[in-house]
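Under this note's numbering, the first residue of the sequence shown is numbered 79, with each subsequent residue one higher.
All the pointers check out, no bait thrown in.
DMTMM-like mimics (lysine to aspartate or glutamate), calculated; alpha carbons at most 20 Å apart, straight line:
no., residue 1, residue 2
1, Lys203, Asp275
2, Lys424, Asp458
3, Lys424, Asp463
4, Lys346, Asp275
5, Lys203, Glu291
6, Lys424, Asp472
7, Lys203, Asp337
8, Lys424, Glu103
9, Lys203, Glu248
10, Lys342, Asp275
11, Lys342, Glu278
12, Lys553, Asp565
13, Lys346, Glu278
Simulated from the structure, these hints should not be mistaken for lab results.
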Amino acid sequence: MDRPWTGVRLALADGQRWVIRPTDEQSAEAVAELRQVMRLDPGDRGREIHVVVRRARVGAIDVATERGVLLCFLPPRLDRGLEVIQMETIASFVAQAAFRGRALLLHGALAEYCGSGFIMAGPGKVGKSTASRRLPPPWRSLCDDSTLVARDGMGQYWAHPWPTWSRFRESGPGGSWAVEQAVPLRAVFFLAQSPSDQLEPVNVMQATAMTLESAVSFACTVARLAEQAASQTLCRDEVSAAMALAGAVPTYSLHLSLDGQFWKEIEKVLPVGGTPSVRVRTIHSSIPTSSNPCSPPQAEPHVADGSLRTVYFGPSMNPTLQEPDLLVVRPYGTGRVRPGDVVCYKSPTTGTTVAHRVVSIGRRSPVAGHPIDGIRTRGDNNPTDDPWVLQAGDIIGRVVAAQRGTRRRVVPGGRQGFFALGCARLGQGIRRYAGLLPRTLYDFVAGLGPLDHLLPRSLRPQLVRFDARYRVFLKLLMGRQMVGQYDARQARWRIRRPFRLFMDEQTIRDAGSVVSRNEPGRVP
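Produce the entire structure from the sequences given, and follow the hints as far as they go.
This is the structure in structure tokens:
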């Protein structure tokens with residue numbers, strides 16, 4: 079088994095606890111660098127984020143697996159620029175995941191004055207970094223680009239400094255930020271350049287709009303609205319979070335000059351004293367962790383019960399395993415490997431970790447008189463055995479369970495494993511062929527012609543044409559329900575079953591050319 083990789087813990091002032099766990103050598107390097115940049119400590123208690131290096135599905139979020147575990151996908155590490163992208167991707171992933179607890183990542187510099195924290199927010203090139211550098215003692219600049227704002231159970235808002243990733247690009251100076259060093263947020267100032275320093279209060283509605291404009295993930299959320307209906311809920315949640323922040327924390331518009339003492343304007347409204355900055359207390363564990371890269375799976379340990387966690391990829395173990403299942407891998411210890419077990423092991427040729435089934439345990443004799451004990455494996459979806467013979471010491475552990483979302487299923491081993499595989503294949507065949515008879519019957523009935531004359535007049539298909547600025551949309555309605563629409567890219571209608579029985583595609587295609595603009599017409 080490879081050298082153990084240790085996860086790092088990030089604790090936020092609102093009570094959220096995150097454990098960032100690497101799954102291979104590259105992700106371990108990225109997490110180790112992120113730990114230094116964000117000044118994090120090792121830990122194993124909190125909601126887990128499994129970091130996976132994979133060429134596809136980079137940056138995917140909301141891939142929920144066992145017990146709320148999230149999968150963060152990174153691009154392969156090819157150069158220094160991608161190393162920075164890996165760290166920034168993990169940090170952004172954490173910020174977006176923390177938003178579910180109403181934490182907002184804002185484009186704004188964070189500073190502290192006599193125990194009070196304040197944010198200077200605004201778009202790029204407005205002067206956040208310059209203003210941060212100009213602050214004199216006892217002012218203390220904590221970060222100059224982004225700030226994570228979280229609300230605790232008492233309604234108090236706390237501000238966490240966030241790394242400035244631009245400092246790592248193009249041979250920049252880099253740096254480190256005490257992300258867990260939260261300060262009580264007393265005010266937010268939206269910057270604007272001006273010949274003189276001036277401070278103006280902002281009402282709640284203006285503050286909400288400015289906060290949304292400064293929210294790092296809000297633009298991405300809006301861009302996804304047309305593709306994901308769930309993004310509408312996320313958008314409403316972000317608006318609510320921004321409105322709550324604007325209603326609880328005083329907000330101002332700060333016009334600052336290049337050489338003025340703008341901090342004196344802030345001193346007029348910023349309370350002095352109060353709750354000092356605190357480091358969110360973390361709980362450390364002395365239990366070592368380990369991880370192994372996997373192809374098709376990505377291996378990752380879980381220290382709660384001594385078992386490992388691995389993210390499965392690829393089709394080689396279908397139908398037993400499906401991508402991206404989260405596998406529970408339990409070391410054998412004093413137990414024995416049995417034919418029928420699904421095991422994780424290190425590939426002798428590529429060095430990656432593979433999850434396949436043991437098909438036989440015995441002896442082979444490549445040279446007469448020199449028998450070698452060996453374990454033969456095969457993927458459930460592969461036609462032949464793997465081209466190697468394993469030893470007991472090569473086996474990392476047995477896959478005892480697999481989970482997708484909230485559904486957890488046991489992966490049996492031994493004879494039960496072979497029996498379960500046979501049942502899975504039988505069920506797969508039944509599902510494949512069970513639909514042939516209904517489909518054949520459906521096609522036969524559909525060939526008899528449109529059956530719309532059997533329906534009441536109010537339920538007969540209606541074709542509606544909508545002329546947009548650059549496109550024409552054709553939709554089919556039955557009553558108030560949309561049952562089909564025209565796919566302009568593939569030049570064909572997509573009609574839901576069984577409504578296809580009541581209309582003919584060629585007829586409605588011809589009818590679409592004569593329907594007047596925005597005027598519904600009955601399909602002949």
